[in-house]
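Trainee: Now for the letters of each chain:
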Amino acid sequence: MNLIRVLLLMFALCPFAAQAQDDPFAGLAGNYEAIRHAVEALAVSGNPNAAATVAALQAGTLFAAPDQSLWIRQGDTLTNARTGVTGTPEGDLRRVRVNNAVRRAIEEATGALTLFAPVPAKRIKAAADLFAQHDAAMLPMLERALAKETDPAVRGAIEQAYAAALLAAGVAPVTDRLAAIDVLRRRGDLDASNLLASLTNQPPQVAAAAARAVAAIARVQRLWALAQGVFYGLSLGSVLLLAAAGLAITFGVMGVINMAHGEMVMLGAYTTFLVQQAIGAYAPALAGAGVVLAVPAAFVVAGAVGIAVERLLIRFLYGRPLETLLATWGLSLALQQAVRSIFGASNRDVTSPGWMSGAAQWGGLTITFNRLYIIVFAALVVAALMAVLRFTPLGLRMRAVTQNRRMAAAMGIRTPWIDALTFGLGSGVAGMAGVALSQIDNVSPNLGQGYIIDSFMVVVFGGVGNLWGTLVSALTLGIVNKFLEPVAGAVLAKIFVLVLLILFIQRKPRGLFPLKGRAVEA
Amino acid sequence: MSRASLTLCLTMVLGGAALLALLNLVVPAGSALHVPTYTVSLFGKYLSYAMLAVAVDLVWGFAGILSLGHAAFFALGGYAMGMYLMRQIGTRGVYGNAILPDFMVFLNWKSLPWYWQGFDHPAFAIVMVLVVPGLLALVFGWLAFRSRVTGVYLSIITQALTYALLLAFFRNDMGFGGNNGLTDFKDMFGIPLHADATRDGLLVATAIFLALELLIARYVVTSRFGKVLIAVRDAESRTRFLGYRPEAYKLFVFVLSAVMAGVGGALYVPQVGIINPSEFSPANSIEAVIWVAVGGRGTLVGAVLGAVLVNLGKTFFTGALPELWLFALGAVFIMVTLVLPGGLLGLARRRAPRAVPAAPAPEPAE
Amino acid sequence: MASFPKWLRGAALGAAALAAVVLPGAARAEDTIKIGILHSLSGTMAISETTLKDVMLMLIDEQNKKGGLLGKKLEAVVVDPASNWPLFAEKARELLTVDKVAAVFGCWTSVSRKSVLPVFEELDGILFYPVQYEGEESSRNVFYTGAAPNQQAIPAVDYLMGEEGVKRWVLEGTDYVYPRTTNKILEAYLKSKGVAAGDIMINYTPFGFSDWQNEVAKIKKFGSEGKKTAVVSTINGDANVPFYKELGNQGIKATDIPVVAFSVGEEELAGIDTKPLVGHLAAWNYFESIDTPANKAFIKEWHDFTKKPTRTTNDPMEAHYIGFNMWVKAVEKAGTTQPDKVIDAMIGVAVPNLTGGYATMMPNHHITKPVYIGEVQGDGQFNVVWNTPGTVVAQEWSPYLPGSRDLIADWRKPLSCGNFNVKTGKCGGASK
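Chains as they are written, first to last, in my numbering: chain B, 6 to 527; chain F, 118 to 483; chain V, 17 to 448.
Be aware that a few hints might be false.
[To be verified] Only some residues are given here: those of chain V computed to face chain B with a beta carbon under 7 Å:
#, residue
1, Thr221
2, Gly224
3, Glu241
4, Gly267
5, Thr271
6, Asn399
[Stated by the list, open to error] Below, in silico cross-link-like pairs of lysine-lysine (BS3-like), each with a Cα-Cα straight-line distance of 27 Å or less:
#, chain 1, residue 1, chain 2, residue 2
7, B, Lys127, V, Lys269
8, F, Lys227, V, Lys209
9, V, Lys442, F, Lys227
10, V, Lys244, B, Lys130
11, V, Lys269, B, Lys130
12, V, Lys291, B, Lys127
13, B, Lys130, V, Lys291
14, V, Lys236, B, Lys130
15, B, Lys130, V, Lys234
16, V, Lys234, F, Lys303
17, B, Lys130, V, Lys237
18, V, Lys237, B, Lys127
19, F, Lys303, V, Lys116
20, B, Lys130, V, Lys243
21, B, Lys127, V, Lys243
22, V, Lys207, F, Lys227
23, V, Lys236, F, Lys303
[As the list claims (entries may be wrong)] A partial selection of chain V residues facing chain F, derived with a Cβ cut-off under 7 Å:
#, residue
24, Ser58
25, Pro102
26, Ser126
27, Asn435
Hints in this document: simulated from the structure, not taken from any laboratory. As the structure is a prediction and not an experimental result, all values here were calculated from the model. All residues carry an ideal CB built from backbone N, CA and C; glycine is no exception.
With these hints in hand, go ahead and build the complete structure from the sequences.
Mentor: Below, the structure written as structure tokens:
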């Protein structure tokens with residue numbers, strides 16, 4: 006392996022030095038082992054078609070014909086990989102497949118080469134790859150890159166890679182090593198700490214500096230871990246909040262024990278799936294916006310179902326809350342089975358758009374984008390819900406009806422209609438929660454079942470009828486859960502949270518923020 | 118609840134069970150009157166569910182405590198019985214270990230955990246069937262009723278309770294067999310479980326215990342104590358102002374009900390042959406409430422009727438309409454609430470049509 | 017609105033239902049051979065089991081087109097045990113005593129199998145169990161057509177050790193008996209290969225676990241300590257989608273920390289966007305992408321039967337295919353569907369599998385299987401990167417567990433024992 010790296014290095018330093026082997030392409034039609042060697046050979050071959058061939062291999066557009074000739078497919082045209090000439094091969098083409106070993110070889114080959122790529126982001130990526138390899142053989146190339154580099158961000162990355170390689174080499178003067186340790190200490194992440202901790206046979210001065218750096222990094226990491234825990238907690242809390250927000254309206258405000266709430270969430274998730282399918286079929290250009298478009302769609306679908314349910318079922322059951330439990334339980338069974346009959350029992354594939362995938366590294370913090378967006382989305386939904394209740398005529402009427410139905414009716418408010426709209430609003434919010442959940446969980450008929458109990462817990466913990474309470478309670482439960490998890494394990498953490506919840510309700514029988522006044526004694 | 122309906126119910130339960138057992142045991146298999154063993158154990162199961170339903174009705178119908186976690190007591194009773202049955206397997210397990218149940222052998226446990234000690238004695242196991250659910254209900258009820266947790270808050274924390282137990286029993290490290298639970302029982306009190314006569318005996322025993330439960334429950338609710346209980350249900354604050362202590366009344370009936378549910382669970386386990394954490398799932402508790410609602414809340418007899426009918430329907434539909442039965446079941450629940458507000462018994466009692474209730478009151482539920 | 021006649025009508029309905037339960041099957045014809053299908057069509061397991069019900073219907077349909085069996089038509093009896101374990105036992109009893117089925121194909125989870133096992137043993141029925149499982153069992157009445165741990169887990173670990181040079185292991189599983197047992201076996205196996213205890217991390221999460229942030233971060237940390245790390249996943253069903261989504265988002269690529277899964281097949285991948293997962297692995301005895309004439313024909317037939325050209329096939333489906341064909345062959349050999357005779361005739365029956373080889377029913381009631389390691393592709397299929405040269409015989413009692421080291425199963429006469437102790441020479445477990 007090291008020999009190949011040196012060869013690569015030579016290639017990078019002086020592209021014309023490497024000589025083409027007899028036929029670097031030959032292995033590509035063979036087994037994985039042969040393909041891997043071929044990739045390594047291609048990287049140093051200097052063949053003008055090598056880069057395109059490796060790229061095609063990575064993208065899965067490289068095919069082999071029965072006569073061992075290799076073809077790159079681009080749309081409908083086939084190009085001979087060896088010659089770069091278009092043509093039509095004889096016989097059935099077979100896709101050249103790669104496995105993890107080949108993928109690594111491709112990454113290593115391209116990683117070393119892109120250190121001189123024109124795009125800074127690619128250079129940073131290459132430097133990061135080289136940091137992970139921390140191979141002494143790379144030192145000359147890194148030095149050269151450092152000398153050429155002007156972009157400060159890329160420079161920093163290359164400096165770190167250089168420091169890592171230098172320490173790994175173990176032959177540099179003590180002052181250089183101390184400087185390198187300093188660079189790694191400033192980098193301050195686990196990789197740096199592991200590298201420093203793995204140093205052996207160092208002069209006492211260097212070893213002491215490394216130990217100090219490891220301790221320093223550990224201190225900083227503990228703080229970051231705390232912040233990371235808060236993020237995880239917020240993220241779980243925002244999921245709980247989304248799931249519970251709709252219930253805070255239907256159950257909290259209207260007093261309907263809505264066991265079909267989870268199914269409204271599920272309908273929202275399936276709406277997302279349908280919107281995505283429709284966009285895929287009619288407007289592929291909008292694919293990235295599918296999730297955004299699904300939000301209003303899910304609100305409308307779940308809201309409409311909610312209004313229908315209220316008109317056809319729930320309105321007959323007001324004043325008998327426990328019978329709504331029974332009826333909505335039956336409804337949830339029927340809705341689950343309906344979705345199962347229509348969409349099938351298996352999971353549906355809702356793809357995450359590119360802008361929601363991946364993560365950002367911020368110091369020692371890993372912020373996954375989908376979680377971040379869900380936190381933001383939850384905040385927006387709750388803010389919008391509060392605004393609707395507070396500032397719109399509909400919200401005014403809703404509050405009037407829940408506070409004093411007869412008086413509201415006497416003022417000319419059509420209370421049955423307001424009931425329907427309120428239930429529709431709660432269901433619609435649940436549908437929007439389904440859009441968010443489709444990004445992190447299974448889209449299956451059982452989706453709602455997994456959240457219904459937690460949702461009730463959140464609403465009750467926060468205090469029935471209080472949206473602020475729901476907000477605080479969801480975030481509290483999320484954070485407590487996530488901080489208990491590393492200590493107690495996932496299952497025990499959940500059990501502890503439940504027990505704490507039970508004990509808390511004993512202390513404050515009406516939740517965190519009890520409603521005050523007459524409604525309480527009802 | 119009228120005396121007549123109770124008598125009818127007791128006759129049907131005891132007579133029906135005896136008849137089924139007799140037809141199974143005495144009539145030869147070829148005869149048209151023969152009842153297959155399958156039916157016997159099926160009804161045995163229904164009647165143990167009915168015991169749970171009566172327990173739920175006792176607290177919900179007469180004390181206004183809507184417990185959405187009553188299946189936890191049922192399951193705890195079941196586990197106590199299951200642990201006894203497990204110890205009875207002895208060397209007949211697949212690994213042939215005389216002391217440790219199979220699941221402990223393959224998890225490399227070296228000795229029996231302390232909480233499994235004593236379960237090889239039937240008397241101890243029977244005491245545990247009563248004590249474990251009762252104790253849990255006592256502690257939980259004391260905490261909850263003392264601090265006046267009522268209504269939905271109480272319902273939700275009972276749900277939290279059963280959910281926490283569900284998660285706990287799922288853990289293999291707890292030593293209750295994890296998700297697989299306890300199964301592969303061989304015999305009970307020295308009698309082989311798989312014999313027809315044993316099943317018939319279990320059915321009759323369940324019927325007798327159910328009858329006893331009904332009589333005790335009826336005695337409780339028709340006594341002076343029961344009058345206060347109903348007063349607590351209908352107007353707790355007013356009862357308190359009259360000088361009663363509602364929490365004591367509620368606690369007593371809650372513990373009694375939990376013990377009854379536990380006995381139901383203990384009879385359930387040998388008849389279905391398995392006890393597993395899914396018995397703790399909140400859905401099971403909700404279903405038990407639904408049986409009561411279908412039969413008629415606050416009637417005791419209705420609970421039996423509801424439990425048997427709903428489960429009969431479930432058995433029938435899962436076989437006859439495997440793809441559609443959830444629609445059927447869901448529709449039954451919706452129709453019962455819309456058309457039969459008092460449950461089946463309420464319908465039989467109230468001939469006069471009732472107006473659709475006026476618009477909702479703005480209170481939070483219950 | 018509530019009138020007495022309506023109540024009567026309700027009572028009549030109830031009586032009808034009662035009659036249907038008490039006196040079932042009285043009017044059913046007896047000129048067909050009945051086959052029970054015991055797979056959950058609702059509840060949490062419907063997601064996996066519904067497909068198996070469909071494939072059984074297809075196989076029975078096809079056999080009928082070929083003229084049935086022993087001159088009679090086959091008739092499927094489908095019931096829904098609704099992912100409810102006691103209901104599994106009840107439905108098994110119903111199938112065997114009321115419908116009098118000749119064989120039952122069913123169950124997915126271990127607990128459902130454990131729940132019905134006493135019923136099949138008591139009533140002397142036949143159960144075909146199509147899912148990979150933890151082993152440690154061999155019943156006279158059950159034929160295990162899924163993989164035992166040595167037919168799936170151990171070859172996968174061998175592959176990672178050899179081909180990927182993995183030195184550090186995360187054994188991540190859902191907390192139930194299959195992962196527990198598999199991980200125990202793997203832990204003992206890895207230690208026997210010289211892996212230090214500090215290089216193995218075992219972790220369990222509950223069913224349906226959906227918030228993987230902490231767990232994935234933990235894996236990332238464990239894998240960042242210099243040695244090549246892999247995750248061996250026995251995560252069950254529903255929890256997989258959020259797990260893989262979190263892996264993708266936290267940027268764990270297959271080239272850094274590959275995940276090899278034993279419970280993730282084509283069906284599960286159908287619910288995930290697989291592009292971020294390319295290169296993660298699964299170990300099975302069958303993949304839809306395996307290119308053989310038998311498999312192509314099977315897939316075509318499946319698409320025609322379900323009228324859905326996109327429906328995937330998976331490993332447990334192949335297990336049912338093999339099991340059903342074995343049963344047909346054994347019935348023909350025995351000349352009757354009587355369970356005792358069929359059980360004896362089953363041992364030694366060999367039928368072609370879908371991957372170009374043969375599956376043989378061994379005396380331990382498990383079948384021989386080839387092992388394939390596949391890498392996830394961007395299109396939701398697997399690309400086979402490695403396979404065993406021949407088929408592997410199941411070790412129903414693992415030699416890596418102290419409790420079962422000395423046990424073997426052999427249902428041939430005169431031994432006829434599912435847990436024969438070779439040390440003590442007695443049937444019936446490890447005791448002295």
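Trainee: Hint by hint, say whether it matches the structure.
Mentor: Status of the hints after comparison with the structure:
no. : hint                  : in the structure
1   : Thr221                : holds, 5 Å
2   : Gly224                : holds, 6 Å
3   : Glu241                : holds, 5 Å
4   : Gly267                : holds, 6 Å
5   : Thr271                : holds, 5 Å
6   : Asn399                : holds, 5 Å
7   : Lys127/B <-> Lys269/V : holds, 18 Å
8   : Lys227/F <-> Lys209/V : holds, 25 Å
9   : Lys442/V <-> Lys227/F : holds, 23 Å
10  : Lys244/V <-> Lys130/B : holds, 20 Å
11  : Lys269/V <-> Lys130/B : holds, 15 Å
12  : Lys291/V <-> Lys127/B : holds, 21 Å
13  : Lys130/B <-> Lys291/V : holds, 20 Å
14  : Lys236/V <-> Lys130/B : holds, 19 Å
15  : Lys130/B <-> Lys234/V : holds, 24 Å
16  : Lys234/V <-> Lys303/F : violated, 44 Å
17  : Lys130/B <-> Lys237/V : holds, 20 Å
18  : Lys237/V <-> Lys127/B : holds, 25 Å
19  : Lys303/F <-> Lys116/V : holds, 24 Å
20  : Lys130/B <-> Lys243/V : holds, 21 Å
21  : Lys127/B <-> Lys243/V : holds, 26 Å
22  : Lys207/V <-> Lys227/F : holds, 21 Å
23  : Lys236/V <-> Lys303/F : violated, 47 Å
24  : Ser58                 : holds, 5 Å
25  : Pro102                : holds, 4 Å
26  : Ser126                : holds, 6 Å
27  : Asn435                : holds, 5 Å
Hints 16, 23 from the list above are not met by this structure, while the remaining hints are.
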